[in-house]
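Visitor: Below, each chain spelled out in residue letters.
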Amino acid sequence: MDLKVTGDLVGFWNLFVIVVAVLSIVGCAVFLWIQDSAKHAAGQVTGHVWDENLEEYSNPLPNWWRWMFYITVAFGLVYLALYPGLGSNPGVFGWSMRGQYEAEMKAAEATYGPKFNQFLAQDVMTVAANPEAREMGDRLFQTYCAQCHGSDAGGAPSFPNLKDGDWLWGGTPERIKETIAAGRTGIMTPKGTKPDMDAEQVRDVVHYVRSLSGLSADSVRVQRGQELYPQACAACHGADGKGMTAAGYPNLTDKVWLYGSREDKMIEIVTKGVQNHMPPYGEFLGAAKVHLLTAYVWGLGGGEKPAAPVAPVAAVPAAQN
Amino acid sequence: MNRPAAETHPAVAPAQAGSLYASRIKIHPRTVAGVFTRWRWVLVWLTQLIYYGLPWIPWGERQAFLLDIAERKFYIFGLVLWPQDVVFLAVILILSAYALFLFTAVAGRLWCGYACPQTVYTELFMWIEKLIEGDRPARIKLDKAPPDARKIGLRALKYGAWALLALWTGFTLVGYFTPIEALWVSFWSWTLGPWETFWIFFYALFTYALAGHLREQVCLYMCPYARFQGAMFDPDTLVITYDPGRGEPRGQRRKGVSPRSVGKGDCVDCNICVQVCPTGIDIRNGLQYECIACGACIDACDAVMDKMSYPRGLIRYTTENALEQGWGRREILRHVLRPRIVVYSVVLLGIVAGLAWAIANKPDLRVNVIRDRGVLAREVEGGAIENVFRLQVMNVTEQAHRYAVSVSGIEGIRLDREGLLEVPAAATKSFTLAVRVPPEAGERGSRTIYFDVKAVGDESIAVHEKASFLLP
Chain A
1 MDLKVTGDLV
11 GFWNLFVIVV
21 AVLSIVGCAV
31 FLWIQDSAKH
41 AAGQVTGHVW
51 DENLEEYSNP
61 LPNWWRWMFY
71 ITVAFGLVYL
81 ALYPGLGSNP
91 GVFGWSMRGQ
101 YEAEMKAAEA
111 TYGPKFNQFL
121 AQDVMTVAAN
131 PEAREMGDRL
141 FQTYCAQCHG
151 SDAGGAPSFP
161 NLKDGDWLWG
171 GTPERIKETI
181 AAGRTGIMTP
191 KGTKPDMDAE
201 QVRDVVHYVR
211 SLSGLSADSV
221 RVQRGQELYP
231 QACAACHGAD
241 GKGMTAAGYP
251 NLTDKVWLYG
261 SREDKMIEIV
271 TKGVQNHMPP
281 YGEFLGAAKV
291 HLLTAYVWGL
301 GGGEKPAAPV
311 APVAAVPAAQ
321 N
Chain B
322 MNRPAAETHP
332 AVAPAQAGSL
342 YASRIKIHPR
352 TVAGVFTRWR
362 WVLVWLTQLI
372 YYGLPWIPWG
382 ERQAFLLDIA
392 ERKFYIFGLV
402 LWPQDVVFLA
412 VILILSAYAL
422 FLFTAVAGRL
432 WCGYACPQTV
442 YTELFMWIEK
452 LIEGDRPARI
462 KLDKAPPDAR
472 KIGLRALKYG
482 AWALLALWTG
492 FTLVGYFTPI
502 EALWVSFWSW
512 TLGPWETFWI
522 FFYALFTYAL
532 AGHLREQVCL
542 YMCPYARFQG
552 AMFDPDTLVI
562 TYDPGRGEPR
572 GQRRKGVSPR
582 SVGKGDCVDC
592 NICVQVCPTG
602 IDIRNGLQYE
612 CIACGACIDA
622 CDAVMDKMSY
632 PRGLIRYTTE
642 NALEQGWGRR
652 EILRHVLRPR
662 IVVYSVVLLG
672 IVAGLAWAIA
682 NKPDLRVNVI
692 RDRGVLAREV
702 EGGAIENVFR
712 LQVMNVTEQA
722 HRYAVSVSGI
732 EGIRLDREGL
742 LEVPAAATKS
752 FTLAVRVPPE
762 AGERGSRTIY
772 FDVKAVGDES
782 IAVHEKASFL
792 LP
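Residue numbers (my numbering), protein chains in the order written: chain A, 1 to 321; chain B, 322 to 793.
What the hints contain is simulated information worked out from the structure, not anything from laboratory work.
A portion of the hints provided could be inaccurate.
[What the hints assert, rightly or not] Among the chain A residues that face chain B by a calculated CB cut under 8 Å, a handful are: (1) G27; (2) H40; (3) C148; (4) G155; (5) G260; (6) E263.
Computed from a predicted structure; not experimentally measured.
No residue lacks a Cβ here, since even glycine has one placed at the ideal position from N, Cα and C.
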């Protein structure tokens, strides 16, 4: 027998399955054939009794049942020849679950692909204005994004709000698409140990930062913190505290706090640092879906006009609105 | 309880003596007339008028009875059932089972004899057969005749007529699942979809095979119900019975001769009760699992008794107890009301009442509140705490509605949006709502809140739905 080993069954178990399957079917056929000429005394009681007096008679089977049995045997053999079943033999049709899955995915791509691809040629702002595209984008968002960013895209602690116009990595169509497709990793280095700052100094600088967005702060500490800030923080968050979306450094002067505005939480972050991660979706979703999602997120209310010739930093003031 | 069946099955005979298999003997039931035959035809008309007619009844813009599998909605006149109502299907199945228990306990296999599709379609197919080929003797003769032009013509006519009826039956079945008028159009223009084509021809093929050719073989060798009827009978169950005390010893005699004078019972051994039997049994051998309780033998025997001027009822509906004790009609009827029947009836009535109540009070609006699981709670400007909910609003009515939403349960709780939720007729829509409580909202943890969704302009459509709000 020409066995093409395709998968999991090899060696002894492969042979075992083949032998058991073939023996069972052939055994049934032989048994049927023997019964064809077997003698049978009709009308006798088998001796089985139920409900006091319900007896079972040993009456002959209708003839057409015999043909059904033979058809079953033939069906079994034909099936095993056509489809996988005899060990690892793939069968004449070469059917496999993996093949069926791939065929169905291909069919789905052929059906739904054009629906997604039709928007690829349009720019993000045009797509964002299209109600049908928004509805598709919403469904994609609810499937792939809502787990972290929330069904309303309003975010959660450590997962940014996507509709408030405050962008960690920029809110132009290109930057949003880049974020979705390639993912982002934001790192805040810990500053709570010498030679950086001791605990008191951390508290001071936190109070200064709080004062930047009008949060309650101790004025003495604010003053001390202001002196520490340029050396400890300004390299990333900027001298004015407005951050840098080109590298994902948050703006400290707006009222948006990714981890909440409680003082103890802010101290913890400055002391220990923090790392945050947005996974890349480009490969998984493909260009068309990423394009639709970009338009959806851009259209949530905070999207910025493309700033092609201008440096990314210039886009930051727009985020303050 | 069951009496032993005849030695071997009457409709089959061993292929060779002592073989394990028996070949089928073709049954040519003789046409019969009488009260039970009339009842069966009443039931055939009733069930088939409903079956063939129901899909054609319009209801407003749509078909009155449509089981739309693709859209997952069942339209039954004014009622629209959603997947959420699948419990009704379960109740209807339980109801059918109980009705079967009740009818069977009272009077045996009424279902088999009068309402089962196998019986009904066999009856229709045999009626066609009789029209084309004639009654029993003519059919037996035709069977034995050489295949000449007449025989081939008659057979072609019969099979053709059967096929048409079968096709119409298959077409009607599919008409329950896809709008029948459009189906009619596509049927004639050969633009049926692959599944419609499959089901029409599949169902037609099986109607043709089962009602035309297999007939009693279905009842004898396929139907499980025939085999467990014994468990539902008791000695007070009305069953079709030959009265051996009155009939035996059977034997032929001339008309007008008193049976006693020749030392015989009332049975003239004319064998007509066997000839009319659609399953080919001899009822004089006692209760047998093959008996589908069609009553043909009663009608046939009564006609013979009339001819002989003997009283009717040598074969009749009676009970095992009545036959043994010699009860009259009144005594038999008195025993119908036994505990078992009362319990079945009470349970049946209870289920019917419960189902009617549940359908009458079916809500016109369903709301599922799903809290965002990833976003437990978040702080927004001013320290307020926000939870995000997704409201799945199902408008079960056939009109579009707008709904007002409000939320309650925590001091100062409010929605972040205003405006109404609009849901088209018989549709489901999801809405994302952020719910906010002020920073001083009190006790932390999971708090119970309530969403109230009310249709604008119809006070009776309202849902009060519980949800939980997380306060960190």
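Visitor: Does each hint hold? Answer for all of them.
Guide: Verification of the hints:
no., hint, in the structure
1, G27, "violated, 18 Å"
2, H40, "holds, 5 Å"
3, C148, "holds, 5 Å"
4, G155, "holds, 7 Å"
5, G260, "holds, 5 Å"
6, E263, "violated, 12 Å"
The structure fails to meet hints 1 and 6 from the earlier list, while all remaining hints are met.
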